[in-house]
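Protein sequence lines correspond, in order, to chains A and B.
For the record, in the first sequence the residue sitting at position 156 is 156 according to my numbering, with numbers rising by one throughout.
Add 201 to a position in the second sequence, counting from 1, and you land on the number used in my numbering.
The set of hints was computed from the structure by calculation and includes no laboratory data.
Honestly, I wouldn't trust all of these hints.
[Claimed, not checked] Lysine to aspartate or glutamate pairs mimicking EDC-like chemistry, simulated, CA-CA at most 16 Å apart:
id	chain 1	residue 1	chain 2	residue 2
1	A	K185	A	E124
2	A	K146	A	E11
3	B	K368	B	E318
4	B	K296	A	D137
5	A	K14	B	E318
6	B	K296	A	E21
7	A	K14	B	D214
8	A	K7	B	E318
9	A	K85	A	D98
10	B	K323	A	D98
11	A	K7	B	E216
12	A	K14	B	E216
Please read all numbers here as calculations on a predicted model, not as lab measurements.
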Amino acid sequence: MAVNREKIINELSKLDVRGDETGLINGYGVFIQQLPAMIWTMFSERLTRAVSEEMLETAEWLLVDAAHECGYHTGYGIITSEEWKAVVEPMIEKAPEDVLHGAFAVFSAWGWAKAVVHELIPGEKMVIRAHDYYEADVVEYGRSGKMSAYTLTGVAAAFMDLAYGGEYDPTGATGLNTFMGQQTKGIECGDEYGEIVVTRA
Amino acid sequence: MPDNTLQMRHTFDRERCRHEINGLTSVLHCHHFASLTTQLANDCQLLDAKKLLAHCAEDTFYLVLTDYYRKNNIMGLEKRFRVGEQYFAEVGLGKLAVTYAGPYSGEVVLEHSHIDEGWVKKWGVTDKAVNHIGCGYVCALFAAAYDRNRREFTAFELQSIARGAAKSVIRVMDVTDAGGK
């Protein structure tokens, strides 16, 4: 594999992201914010702990869906950005597989998770392992019975959409949701790492 | 550097792949994520998830602002509001200005708003209030500036960019019997 993960993380974690004179951050074709992670984990945890058991699956699906759509559009913005062209693209020998490895290096550089592609069956299946991710912070003692890596799950599926789901569609009508993610392990549940299995939807 | 100028200490923990701003793990997200989370809050009426999202914002930013004021000895309303306005802009939430503030009420104007403009970019103008995160932020800002506690202020939009106005205007009101200190 030609992708130098360390180099990508070193280069792209240094990006200075801050609001301009309008207080907005325009980049990668989207508006970006850089908020304390706790606002998102607090919302997802309070929401999923407050809903009834019958509603839990729906609430979790909506949280994953928000990340899935975010990952699809922002992911496309990332892999077509100047930063990507300068740092990652020269390392790409085999697309889209190397693109996926590069994308997860960027994913780590952005602080979403320290995540790597553990297994990849092109066009069919991907297994992601994350040895640190902010969504695990909802548990500080003991282990939870509920997995909480909604963002990681959604974004992992989105990256497979971008790799194997056909041409990028800015409306999301096609291309998006051709894959789905399932969390199978979680640091918040006492596992050594978080694991997401992505398969065809 | 003047003490009403916000200082953001941004670090990256290479071992854990985490960004920290002033000691708190921070993460980049886009307007799609914020819009879909807001839509989820709007749709989940059984739980009043709009209030839940606003409270999550209030709790988060109350911690951010009170911690910053304490560590940097930021005293006085004007300095505290300036820091709060700068923080809002630095993290990409938009351009916020406190129009007036008193112990019982206040008003802020948003010339730009990530939540509103992101919503419009994604789905167009709406007839619903969407900036629950902004309202939570404003409650946190007033509570922190006045050395009050969380949930002592409430906020609601008088007009908003997402609903077609040129600017958003958020009114803040004291909700305690005790009033201001």
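Original post:
Taken at face value, is the distance from the CA of D214(B) to the CA of K14(A) at most 16 Å?
Top reply: Satisfied, since the Cα-Cα distance of roughly 11 Å is no more than 16 Å.
Original post:
When you check the alpha-carbon spacing of K368(B) and E318(B), does it fall within 16 Å?
Top reply: holds, 11 Å
Original post:
Is it true that the CA of K185(A) sits at most 16 Å from the CA of E124(A)?
Top reply: Cα-Cα ~20 Å, so violated.
Subject >> Distance restraint between K323(B) and D98(A), which requires alpha-carbon spacing of 16 Å or less >> reply: violated, 30 Å
Original post:
Regarding the pair K85(A) and D98(A), is the alpha-carbon distance no greater than 16 Å?
Top reply: Holds, at roughly 14 Å.
**OP:** Compare the distance between the alpha carbons of K7(A) and E318(B) with 16 Å, and conclude whether the hinted pair is satisfied.
**Re:** Measuring from Cα to Cα gives roughly 35 Å; hence the hint is violated.
Subject >> Given hint E21(A) paired with K296(B) - CA-CA distance at most 16 Å >> reply: holds, 8 Å
Original post:
Between K14(A) and E318(B), does the CA-CA distance stay at or below 16 Å?
Top reply: violated, 27 Å
Original post:
Is the straight-line distance between the alpha-carbon of K296(B) and that of D137(A) 16 Å or less?
Top reply: violated, 30 Å
Original post:
If you draw a straight line from the CA of K14(A) to the CA of E216(B), is it 16 Å or shorter?
Top reply: With Cα atoms ~15 Å apart, K14(A) and E216(B) stay inside 16 Å; holds.
Original post:
Going straight from one Cα to the other, do K146(A) and E11(A) come out at no more than 16 Å?
Top reply: violated, 35 Å
**OP:** Take the C-alpha atoms of K7(A) and E216(B), compute the straight-line distance between them, and say whether it is at most 16 Å.
**Re:** holds, 14 Å
Violated hints for the displayed structure, listed by number in ascending order: 1, 2, 4, 5, 8, 10.
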